[in-house]
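From just these sequences and the hints, can you work out the full model?
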Amino acid sequence: MSDSIDLTGLSVYGYHGVFEQEKRDGQEFVIDVSLTLDTDRAAASDDVADTVHYGELAERVVAIVAGDPVDLIETLAHRIVDAVLLDERIRATAVTVHKPHAPIPHQFADVSVTVRRTRSASA
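FYI, in my numbering the residues of the sequence shown are -4 to 118.
For the record, the hints were derived by calculation from the structure and aren't laboratory data. Keep in mind that a hint or two might mislead.
[To be verified] Derived EDC-like pairs (lysine to aspartate or glutamate); straight-line CA-CA distance at most 20 Å:
1. 18 with 69
2. 18 with 51
3. 18 with 63
[Claimed, not checked] Simulated DEER-style distance windows between Cβ atoms:
4. 3 with 67: 15 to 23 Å
5. 19 with 100: 13 to 21 Å
6. 21 with 69: 30 to 38 Å
7. 39 with 102: 45 to 53 Å
8. 40 with 8: 34 to 42 Å
Glycine included, C-beta positions come from ideal geometry on N, C-alpha and C.
If you want it as structure tokens, here you go:
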């Protein structure tokens, strides 16, 4: 199966990081979520109930990123993956957490962590 739904560039303000000022002041995080699932039923019915509603997915991700602080973006990515895989229709997912304003004392474009899981690996 190679069908996918991709949500990219979801920007959320959160309070994650190992430094006190990151938890105090917060910063922007950018999230990409890719879902692998079968879209045949949704295509046949043309009903959003037969697929993953990407608006609802975005709300779940925003709640996690804007929620309880963690030190590592690895932890944040795992929390999102765990929430995504609660939907039994999703066979696999890849979640990337970007931290474009990480406290790195050099010019850089982005730093990110990607976590990939399949249904069999998460069971």
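Hint by hint, here is what the structure shows:
no., hint, in the structure
1, 18 with 69, "holds (16 Å)"
2, 18 with 51, "violated (27 Å)"
3, 18 with 63, "holds (10 Å)"
4, 3 with 67: 15 to 23 Å, "holds (22 Å)"
5, 19 with 100: 13 to 21 Å, "holds (19 Å)"
6, 21 with 69: 30 to 38 Å, "violated (19 Å)"
7, 39 with 102: 45 to 53 Å, "holds (50 Å)"
8, 40 with 8: 34 to 42 Å, "holds (37 Å)"
Of the numbered hints given earlier, the model fails hints 2 and 6; all others are met.
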